[in-house]
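Please build the complete structure, drawing on both the sequences and the hints.
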Amino acid sequence: AQSVTQPDIHITVSEGASLELRCNYSYGATPYLFWYVQSPGQGLQLLLKYFSGDTLVQGIKGFEAEFKRSQSSFNLRKPSVHWSDAAEYFCAVGGGYQKVTFGTGTKLQVIP
Amino acid sequence: DAGVIQSPRHEVTEMGQEVTLRCKPISGHDYLFWYRQTMMRGLELLIYFNNNVPIDDSGMPEDRFSAKMPNASFSTLKIQPSEPRDSAVYFCASRPGTGANSPLHFGNGTRLTVT
Numbered sequence: 001a002q003s004v005t006q007p008d009i010h011i012t013v014s015e016g017a018s019l020e021l022r023c024n025y026s027y028g029a030t031p032y033l034f035w036y037v038q039s040p041g042q043g044l045q046l047l048l049k050y051f052s053g054d055t056l057v058q059g060i061k062g063f064e065a066e067f068k069r070s071q072s073s074f075n076l077r078k079p080s081v082h083w084s085d086a087a088e089y090f091c092a093v094g095g096g097y098q099k100v101t102f103g104t105g106t107k108l109q110v111i112p
Numbered sequence: 001d002a003g004v005i006q007s008p009r010h011e012v013t014e015m016g017q018e019v020t021l022r023c024k025p026i027s028g029h030d031y032l033f034w035y036r037q038t039m040m041r042g043l044e045l046l047i048y049f050n051n052n053v054p055i056d057d058s059g060m061p062e063d064r065f066s067a068k069m070p071n072a073s074f075s076t077l078k079i080q081p082s083e084p085r086d087s088a089v090y091f092c093a094s095r096p097g098t099g100a101n102s103p104l105h106f107g108n109g110t111r112l113t114v115t
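If you read the sequences in order, they're chains Y and S.
Counting along the first sequence from 1, when you hit position 68 you're at 68 in this note's numbering, and nothing is skipped either side.
Counting along the second sequence from 1, when you hit position 90 you're at 90 in this note's numbering, and nothing is skipped either side.
Be a bit skeptical, because a hint or two may be false.
FRET-style restraints, in silico, Cβ to Cβ [to be verified]: (1) S/Gly28 / Y/Gln58: 18 to 28 Å; (2) Y/Ser70 / S/Met15: 46 to 56 Å; (3) S/Thr115 / Y/Gln42: 43 to 53 Å; (4) Y/Arg22 / S/Pro81: 35 to 45 Å; (5) S/Lys68 / Y/Ala17: 18 to 28 Å; (6) Y/Asp54 / S/Thr115: 49 to 59 Å; (7) S/Glu62 / Y/Arg22: 31 to 41 Å.
Lysine-lysine pairs mimicking DSBU-like chemistry, simulated, CA-CA at most 35 Å apart [to be verified]: (8) S/Lys68 / Y/Lys49; (9) Y/Lys99 / Y/Lys61; (10) Y/Lys49 / Y/Lys99; (11) Y/Lys99 / S/Lys68.
Derived by calculation from the structure, the hints in this document are not laboratory data.
Positions of the beta carbon are idealized from the N, C-alpha and C atoms, including for glycine.
Take a look at the structure:
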């Protein structure tokens, strides 16, 4: 069965600092991988996705993620965090004609 | 495009009452998903449809929950009777049928409180 683990429930970073959110997945074949962001009171919005090709993918809002098959990871990064990045971030696996499984999310707090 | 539209945004009801949540997917999207989000369990897939046909309802917690999609532009999730433990945010999402890596498009959710 497919699964996603986000080991960090809550992360606090200073504005301007770099960010890395961790995601590990379990999937029986080549995975489709996604990162979504959820602002308070809103639905989830896609940041970026990976399913083949270059293992470093660029997304919206200056985010990127790197797929590492050997580590079953798909970590999300941003070189310089802005206060508006404070939100909850979800990693997800699956896609295609199968259901998508989400991780439990990581809440990001940005301090001045 | 208006995106996925859910109604109501908030619903407060008493235990035992029937609750109906509504969703209008993005036009042209062949897949529709219902998710439930709670602090304890995160995002759980309840059921999904393809071309209005339910494909996988294994996530529906109990017989009290039912979902329908009478046409391509409308779906409902019904809880009857409702219980306090059903309190959660319910999201509807849709995606197109073409493109195996097409992402989900989420509505803004319905926050359900059962007292």
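Hints, one by one, checked against the model:
1. S/Gly28 / Y/Gln58: 18 to 28 Å: Cβ of S/Gly28 to Cβ of Y/Gln58: about 27 Å, so the range 18 to 28 Å holds.
2. Y/Ser70 / S/Met15: 46 to 56 Å: About 50 Å separates the Cβ atoms of Y/Ser70 and S/Met15, which means 46 to 56 Å holds.
3. S/Thr115 / Y/Gln42: 43 to 53 Å: The hinted range 43 to 53 Å is violated for S/Thr115 and Y/Gln42, with Cβ atoms some 25 Å apart.
4. Y/Arg22 / S/Pro81: 35 to 45 Å: The hinted range 35 to 45 Å holds for Y/Arg22 and S/Pro81, with Cβ atoms some 41 Å apart.
5. S/Lys68 / Y/Ala17: 18 to 28 Å: Because 48 Å falls outside the window, the suggested range is violated.
6. Y/Asp54 / S/Thr115: 49 to 59 Å: holds, 51 Å
7. S/Glu62 / Y/Arg22: 31 to 41 Å: At roughly 34 Å between Cβ atoms, Y/Arg22 and S/Glu62 fall inside 31 to 41 Å, so the hint holds.
8. S/Lys68 / Y/Lys49: Holds, at roughly 30 Å.
9. Y/Lys99 / Y/Lys61: holds, 26 Å
10. Y/Lys49 / Y/Lys99: holds, 15 Å
11. Y/Lys99 / S/Lys68: Within the cut-off at roughly 18 Å; holds.
Of the hints listed earlier, those the structure fails to meet are numbers 3, 5, in rising order.
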